[in-house]
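2 protein chains.
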Amino acid sequence: MPEYSIGLDLGGTNLRAAAVSREGDILEKISVSASPQKGREHLLGEMVAVIGDLRSRWGTGQLGGIGLGVPGFILLKDGVIRNSNNLACLEDFPFRDEMERRLQTPIILENDGNAAALGEKWRGAGRDVDDLVMLTLGTGIGGGIISRGRVLHGFLGMAGELGHLTVVPNGTPCGCGNRGCLEKHASATAITSMARLLGLGDDLTSAGVYSLASNGNEHAQTVFRCMGEALGIALAMMVNVFNFPLYLLSGGVLPAWDRFAPAMLEEMQRRSFTFRTTETKIEKAILGNEAGLYGAAYLPWIAAK
Amino acid sequence: MPEYSIGLDLGGTNLRAAAVSREGDILEKISVSASPQKGREHLLGEMVAVIGDLRSRWGTGQLGGIGLGVPGFILLKDGVIRNSNNLACLEDFPFRDEMERRLQTPIILENDGNAAALGEKWRGAGRDVDDLVMLTLGTGIGGGIISRGRVLHGFLGMAGELGHLTVVPNGTPCGCGNRGCLEKHASATAITSMARLLGLGDDLTSAGVYSLASNGNEHAQTVFRCMGEALGIALAMMVNVFNFPLYLLSGGVLPAWDRFAPAMLEEMQRRSFTFRTTETKIEKAILGNEAGLYGAAYLPWIAAK
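Chains as they are written, first to last, in the numbering used here: chain D, 171 to 475; chain V, 171 to 475.
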């Protein structure tokens with residue numbers, strides 16, 4: 171009987187994998203640098219090696235399945251990454267099939283934002299609900315929608331691209347072709363861009379901008395207010411669309427919550443009748459960057475249902 | 171064995187009800203003026219009379235159930251209309267319970283936009299898919315989301331309020347508290363407001379503005395282009411969120427399709443990577459204002475499943 175699964179979370183900078191028990195406890199975790207600049211062959215080799223390591227240590231007979239979370243627009247049925255800002259070397263290539271060939275076992279592919287949302291639903295801040303929306307605020311913004319306990323995929327697996335909601339119709343151009351995408355106005359990258367434009371410094375991180383804001387710098391505070399407003403516009407729309415009980419925020423920008431949340435919540439109050447008049451929760455995710463690992467590892471169990 | 175159901179569609183101006191066979195054929199249809207200005211008691215009496223008529227003619231024993239489509243934000247579990255621009259007299263009142271008491275039978279309540287989307291899924295342009303989003307472009311804009319063959323309700327039944335998507339963050343104020351709601355920029359009301367502001371006339375209908383545009387009036391053409399752009403922003407977001415195969419447009423503004431659709435589709439091309447690269451269909455609904463009737467009548471059959 172299967173006792174554990176393997177989840178892998180591939181990011182632009184890190185590749186993390188874990189053997190996770192059926193109950194959702196991490197048995198072993200491996201983290202290596204992803205180095206996408208070394209090309210596709212290197213990346214595939216790294217992933218196969220990491221998964222192979224875990225499988226050989228925890229046993230082939232007990233393995234319930236392997237789930238892979240990867241960034242970008244994914245064609246689920248084909249197992250192909252259509253478009254990924256961070257992993258261009260894996261685009262339009264039979265990614266899942268090649269991984270299956272090398273590992274000689276089925277692989278379940280998932281968008282990283284969806285995997286993170288699923289992880290929070292399984293073991294995190296969403297474990298008491300069946301419906302939630304999660305936004306991961308990092309270099310970009312990933313989204314994941316859990317409806318009736320499962321990832322909402324759409325017909326090709328490209329649903330949940332919430333980083334590309336339009337929040338400023340004539341705003342900053344985005345790699346996806348749109349202008350004013352949420353991720354151009356509320357990601358870590360957006361925070362440092364705004365800080366640069368306001369003359370706060372050329373090589374600040376979003377954490378650096380947060381420090382400035384916390385030390386009373388009004389320009390830095392404005393940056394977080396603008397970012398919170400953009401986030402509030404997007405979340406208000408999601409509340410109006412889904413009327414789900416829970417919306418989670420995650421990612422590297424989350425520690426700046428006290429700086430952006432007031433403007434975000436004020437915007438939601440104004441813009442969503444549903445938010446204003448119901449008990450809708452906006453909360454911090456709790457699994458940090460392990461959410462995607464948990465979610466990827468959970469994929470084989472729900473696929474078997 | 172139940173052979174038919176009764177669907178009722180309550181609008182701001184008309185009250186329509188029909189006895190519909192299990193196979194989805196309308197057996198008899200009644201349409202009366204809704205007259206909400208005559209107050210709640212009058213409206214309840216009218217609805218009870220119309221349903222009573224149909225039931226007495228088609229038989230109590232064969233009746234599978236009664237579905238009611240009503241406009242506004244609805245608390246489904248409570249059977250209460252929270253907020254309705256068109257039917258304020260029914261707000262915050264135990265609407266479903268009172269109807270059940272008077273008719274001595276269970277009633278299934280549904281938002282009118284959801285009912286219309288469900289009707290198109292059952293018998294209309296959506297009958298070949300399990301997932302669709304529908305927008306009804308009328309005095310306001312109603313939305314309905316069908317996911318896995320059922321209405322997506324959210325935890326209170328308030329999901330699908332797509333008329334209140336923000337398409338112009340600092341746009342026209344809306345009764346819901348927001349600014350720049352889709353329905354303030356792409357409904358029939360929005361079309362006549364824009365026409366008025368552009369000096370085309372003070373008492374034009376949206377059909378009148380359409381005639382002007384078709385006769386070469388450039389201001390009138392601009393009105394439909396702006397309306398199409400607003401619609402395109404909203405639809406591009408819905409494509410990015412849901413990745414559903416089908417998005418339907420319906421309502422009184424639909425005949426102006428040739429005037430607004432080019433700008434709408436252009437905006438979607440630009441704003442949605444998913445739309446640009448997949449076979450996503452944007453189509454006209456085909457049941458007209460009977461969609462809500464069909465959907466309301468379908469409610470008892472899916473509730474029984």
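Hints are computed from structural coordinates only; laboratory data are not their basis. Among the clues, some could well be false.
No copy is singled out in the list; a pair is fine if it fits within one copy or between any two copies.
Here are the simulated lysine to aspartate or glutamate pairs, DMTMM-like style, with alpha carbons at most 25 Å apart [what the hints assert, rightly or not]:
1) 454 / 298
2) 451 / 248
3) 247 / 298
Here the structure is a predicted model, which is why all the values come from computation and not from measurement.
To see whether the hints hold, each was checked on the structure:
no. : hint      : verdict
1   : 454 / 298 : within (14 Å within a copy, 39 Å between copies)
2   : 451 / 248 : between (36 Å within a copy, 20 Å between copies)
3   : 247 / 298 : between (30 Å within a copy, 20 Å between copies)
In this structure, none of the earlier numbered hints is contradicted; all agree with it.
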